[in-house]
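J.: The whole structure should be built from the sequences, with the hints applied where relevant.
Number of protein chains: 2
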Amino acid sequence: MSDSFVVDKTNKVRQLNEYARYDRKTVFGILDAGLVAHVAFIQDEGPVIVPMIYGRENDTIYLHGARKARVIRLLEKTDRASMNVTLVDGIVYARSVFNSSMNYRSVTVFGKPELVEGHDDKLEAMHHISEQVMPGRWHEVRESHEREVKMTGVIRLAIESASAKVTEGHPDDEEEDYDIPIWAGVLPVTTEVGAHIDGDRLIEGVEASDIVRRMENRKL
Amino acid sequence: MSDSFVVDKTNKVRQLNEYARYDRKTVFGILDAGLVAHVAFIQDEGPVIVPMIYGRENDTIYLHGARKARVIRLLEKTDRASMNVTLVDGIVYARSVFNSSMNYRSVTVFGKPELVEGHDDKLEAMHHISEQVMPGRWHEVRESHEREVKMTGVIRLAIESASAKVTEGHPDDEEEDYDIPIWAGVLPVTTEVGAHIDGDRLIEGVEASDIVRRMENRKL
Numbered sequence: 000m001s002d003s004f005v006v007d008k009t010n011k012v013r014q015l016n017e018y019a020r021y022d023r024k025t026v027f028g029i030l031d032a033g034l035v036a037h038v039a040f041i042q043d044e045g046p047v048i049v050p051m052i053y054g055r056e057n058d059t060i061y062l063h064g065a066r067k068a069r070v071i072r073l074l075e076k077t078d079r080a081s082m083n084v085t086l087v088d089g090i091v092y093a094r095s096v097f098n099s100s101m102n103y104r105s106v107t108v109f110g111k112p113e114l115v116e117g118h119d120d121k122l123e124a125m126h127h128i129s130e131q132v133m134p135g136r137w138h139e140v141r142e143s144h145e146r147e148v149k150m151t152g153v154i155r156l157a158i159e160s161a162s163a164k165v166t167e168g169h170p171d172d173e174e175e176d177y178d179i180p181i182w183a184g185v186l187p188v189t190t191e192v193g194a195h196i197d198g199d200r201l202i203e204g205v206e207a208s209d210i211v212r213r214m215e216n217r218k219l
Numbered sequence: 000m001s002d003s004f005v006v007d008k009t010n011k012v013r014q015l016n017e018y019a020r021y022d023r024k025t026v027f028g029i030l031d032a033g034l035v036a037h038v039a040f041i042q043d044e045g046p047v048i049v050p051m052i053y054g055r056e057n058d059t060i061y062l063h064g065a066r067k068a069r070v071i072r073l074l075e076k077t078d079r080a081s082m083n084v085t086l087v088d089g090i091v092y093a094r095s096v097f098n099s100s101m102n103y104r105s106v107t108v109f110g111k112p113e114l115v116e117g118h119d120d121k122l123e124a125m126h127h128i129s130e131q132v133m134p135g136r137w138h139e140v141r142e143s144h145e146r147e148v149k150m151t152g153v154i155r156l157a158i159e160s161a162s163a164k165v166t167e168g169h170p171d172d173e174e175e176d177y178d179i180p181i182w183a184g185v186l187p188v189t190t191e192v193g194a195h196i197d198g199d200r201l202i203e204g205v206e207a208s209d210i211v212r213r214m215e216n217r218k219l
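So the protein sequences, as listed, match chains A and B.
So for the first sequence, numbering that gives the first Met the number 0 puts the first residue at 0; every next one is plus one.
So for the second sequence, numbering that gives the first Met the number 0 puts the first residue at 0; every next one is plus one.
Simulated from the structure, these hints should not be mistaken for lab results.
Heads up, some of the hints might be wrong.
Heads up, the list lumps identical chains together, so a pair's fine if it works in one copy or across two of them.
Simulated crosslink set (SDA-like; lysine to any residue; CA at most 25 Å straight-line) [to be verified]: (1) K218 to T190; (2) K111 to N57; (3) K76 to V12; (4) K149 to L114.
T.: This is the structure in structure tokens:
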């Protein structure tokens, strides 16, 4: 497996392409840090976006929803889907509106979605999604009922093409603007997991496990 | 103006529709809290997603990019665009994988994009976008050069249809699962603006204004 995705018409970053990255390490790093992806598909000739949780295994993304959900039925039938994960890291206050911007990590992947069938394959895909959102939790909870697996629609998206865009650091002003006596800099933006909140029907004495606690203070 | 968007085939929430909201107060509240939207459009018969900053004025969304950017050229030509803003509020640890979920606020809007033309109209739209991301900053920075406005492509998206989905609170388990002696609850997820970081070429003695400081600790 090559270390980078091939750059072609589909994934080539056009704007601010000095920030483009195509290497798997960057692409996977952003995918693995995120919690929610946006998936686009076409319905009645128009674009629709749906936020979804996801999991990754090598070059494969897994998505899920109710088996009868529109997003699953449409993804199952389509030849190409596009998915993006964006993590905002800061607001960049430049000395002009024009040069003000955001710091962010963003990945867009393209691929042909396929319905995952068969109890075991579906369960394995669901496990990957579970690991992304609540690592280690899979073996703490009760086993999935067969009925639940049947009711879940699982999509496998083999990544055919991907690109990342990463911007960081200080404002980049016009040379003459640095003489304007106005503050410029960055306001960092952080997404973080907080301390656990007990459910309202806990059995007395049952406490959050180390697996749950390890997610606390996790930064995206 | 009605207080709610009309529910039709385009914006009707199909899954978990008990969480659907169509009232402007909820839709606008989520749009106004977000920093980044995902916009979908169609290129070569396939869906593409781009994360973009945005601004809102009543039922109108403004988007911008480089005048020559693909996203601007394609939005300008298309009859329908879809945009989503999702804010993640928590990871819901249920007693089964099936009932585990996320707490979030999400809005999807649909509309026909139009290119904004003319210096003054573009500037006004850019002002709305600036207010969304860095409120009050517009009048602190130097005025936009005519060339910069020309180089900016601005899209006006009149919201024709919108829906929101808001989930919050505790895990909702199968009745029999509450007897399983395992912890369940919520790990809150918070996106927050942090303390300002000075730019690397500040004029000595220039400090962040109250306008900048008011953004600190803002939660999305």
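J.: What label fits K149 with L114 when the C-alpha limit is 25 Å: within, between, both, or neither?
T.: This pair counts as within: shortest intra-copy Cα distance 13 Å, inter-copy 46 Å.
J.: Between K111 and N57, at a C-alpha cutoff of 25 Å, which is it: within one copy, between copies, both, or neither?
T.: Within one copy, since 16 Å is at most 25 Å while 38 Å is not.
J.: At most 25 Å between C-alpha atoms: does K76 with V12 qualify within a copy, between copies, both, or neither?
T.: For K76 and V12, only the inter-copy Cα distance (20 Å) is at most 25 Å; the intra-copy one is 27 Å.
J.: Should K218 paired with T190 be assigned to within, between, both, or neither, using CA atoms and 25 Å as the limit?
T.: both (6 Å within a copy, 10 Å between copies)
Checked against the numbered hints above, the structure breaks none of them.
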